[in-house]
Amino acid sequence: MKYIAGVDIGNATTETALGEVEDGVLLRCVSGISGTTGIKGTKDNIEGVIQSLKNAVKKMGIEFEQIDLIRVNEATPVIGDFAMETITETIITESTLIGHNPDTPGGLGIGIGKTILITDLENANKEEKYIVVVTEEIDFLNATAIINKKVENGYQIEGAILKKDDGVLINNRLFKKIPIVDEVEIIRRVPLGMECAVEVAEPGNCIDLLSNPYGIATVFKLNAKETKQIVPIAKALIGNRSAVVIKTPAGEVMERRIPAGDIIIRNESRTYTASVDDGAHEIMKVMVKAGDVLDVIGTKGTNIGGMLEKVRKEMANITEQEYNKICIKDLMAVDTIVPKEVRGNLANEFAMEKAVGIAAMVKTEKLQMEKLAALISDAIGIPIEIGGVEGSMAVVGALTTPGTEKPLLVLDIGAGSTDACLINKDGKTRPVHLAGAGNMVTMLISAELGLDNFALAEDIKKYPLAKVESLYHIRHEDGTVQFFQDSIESKYFAGTIIMKPEGWKLIKTKKNLEKIRQIRKEAKEKVLIANILRALKKISITGNINEFEHVVLVGGSSLDFELGNMVTDTLSYFGIVSGKANVRSTEGPRNAVATGLLLSYLEGLKNGGE
Amino acid sequence: MGGNNKESSIIEIFCTSMEFQDLAEATGYGIEEEGIPYRINFEAIKQGEVYDICHRNGIGVTIHIDEGVVAVFYRQLKEHKPLFDYHVKELEIAKTIGKNAARIIKKKPFIEII
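Those sequence lines, one after another, are chains A and B. Residue numbers for the first sequence follow numbering that gives the first Met the number 0, so the first one is 0 and each next one is one higher. Residue numbers for the second sequence follow numbering that gives the first Met the number 0, so the first one is 0 and each next one is one higher.
Hints in this document: simulated from the structure, not taken from any laboratory. Fair warning: there could be bad hints in the mix.
[What the hints assert, rightly or not] In the DSS-like style, the derived pairs of lysine-lysine whose C-alpha atoms are separated by at most 30 Å in a straight line are:
1) A/Lys424 / A/Lys466
2) A/Lys490 / B/Lys77
3) B/Lys88 / A/Lys176
4) B/Lys107 / A/Lys520
5) B/Lys105 / A/Lys499
6) B/Lys88 / A/Lys507
7) A/Lys176 / B/Lys80
8) A/Lys490 / A/Lys461
9) A/Lys1 / A/Lys507
10) A/Lys499 / B/Lys80
[To be verified] Reference listing, derived: stretches of chain A covered by chain B, where coverage requires no fewer than 3 residues with Cβ under 8 Å from a Cβ of chain B:
11) 435-443
12) 446-458
13) 461-474
[As the list claims (entries may be wrong)] Partial chain B-side listing against chain A, Cβ under 10 Å, derived:
14) Tyr73
15) Phe83
16) Lys107
Being a predicted model, the structure only gives us computed values, none of them experimental. Glycine included, C-beta positions come from ideal geometry on N, C-alpha and C.
Go ahead and model the full structure; you've got the sequences and the hints to work with.
Pasting the structure below:
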């Protein structure tokens, strides 16, 4: 009796298929799973491997030491890691604006004047028009009294900027109505004695003057060059109900541009260049033209150059290889829109900028995996051998799904990479490894929603959403309504929630459910669906996707609640039957590679192995 | 009847003593900032009665202030389960509770009360 374990170290999880083997026959098989520790293909993985094995050993009812052999996947030549950033031209304009959307600004209309602290109104000039700045020390009753008294005495107060949320309260008590913008977080950064314009629109409407570059130019008497410089400010204010723009003195307006840069792709015979400014579509067109890529670099001193060098350095450190031996084997680019902080803002305002998200995959030496196997073997005292290539092992595992047969195309959508492998009638396999998978989707969701929180973006990706419409009912994103006997916790009221199996999670954003859902679906289409089609084209001999009949999905991302249907929808257009695998009839799309590693050992025995 | 309708379209604040006038006013300011009408009543009235009033009141929200405790009642909730029930020491908190009471009607997420 022997116990053989197939272990698949993935980007997100480490999976085990532990088999009880007697005379070359598999008597029993159990699975184990654990989160991958460290970056895939590095010595940090040891802990995850041990945990995954322990998980399986417990189910089998044996001791850890009884395992006779561990077979790990040959994750080389691509160790399948990625680094993703949004690359865009960075425009930094030093100007001052407040363009936020406080929930309840006060008053209505446009006010233009010089900024002055409310406590300095004593020294004001009756001929001058003023915008008063009210800090948090002055409560709204005092502020109202001061403004009313000054207006009665003939001073021209045209608008107000408040730190606290008191806009409506002040407006309701003023004799002369003025536009008031409140909830200005960094009120002390408002420059005093400067020309300023305040605009508040009616409820349900957006500002008109300050979101128009020529409107700002009219207010501040700007020339054509200056008008061009304030375009990002006007853009940042579009769609707001209230805004403030303050003209800074000449010389304070600075502009610095960091170009997005060019991507240089090298294959066996020549190099190709794609400009990041041309967008993801153009970059991917050049990638297709280049075919089998040997390396990718970015132009020096640019955003993309810096990002790709960072990938190379990180991978050199992790894999302990020489920096100049690290080659980027594949790259995936997607168009996205990200919130960029507008420099000089006073209320942490952002403008939406076009950007390109990049996932890069690095090629390393086969030796790396052998080193890792030796390290794991030393750590746990059990012999380890490297099994077949990851894609080929996934096919062997996927073929245990009821209703499948050769030829079969298997898509393994993991966290870091999308792997595809075709097995023909004779059992010959043809694998491809592509950059970009689940983690890139998470990155896009996080970037487009401006979350800065990977775990929350991951939850948005994985689970459906709902809106808490009252204290007793929620509306799911598909429109169905669910009522509850007991009242819902008040913290969820009117919020958008993620329907996690272990409990609800509130998304603290002003974006509504429909927008979040749209961003989530588009991210999956831009990365996962696009990569599936790219993989099919790459693996096809004729370059025609229609040549495939059956496609089976394996890997963690296949568990996604909507991806299966999205893939079926897309591939049915090409006449392809697709669906999630059910490895060993019990595991669903998980454990395919680990099962393949175990079964290929048995196959080896049959073919005259040990 | 017309008078009743007019009365029912505002948030009623019931304050049991003039001692808590500041709290009642701060709560009212919070409601006002959110743009919802309100009225402060000084009456020695119990929580249960304030809960009953929120059922007769078209807007469905009433507030009871007694012994420094600000309690917000909503007609969908049970009598002994006010939506917010805080012993308030700072007027800013009372203002936030007022804002949240108005937000029930506006169906906007509540502001966290720290």
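Where does the structure disagree with the numbered hints, that is, which hint numbers, in rising order? Hints 1, 3, 7, 9, 11, 12 contradicted; others consistent.
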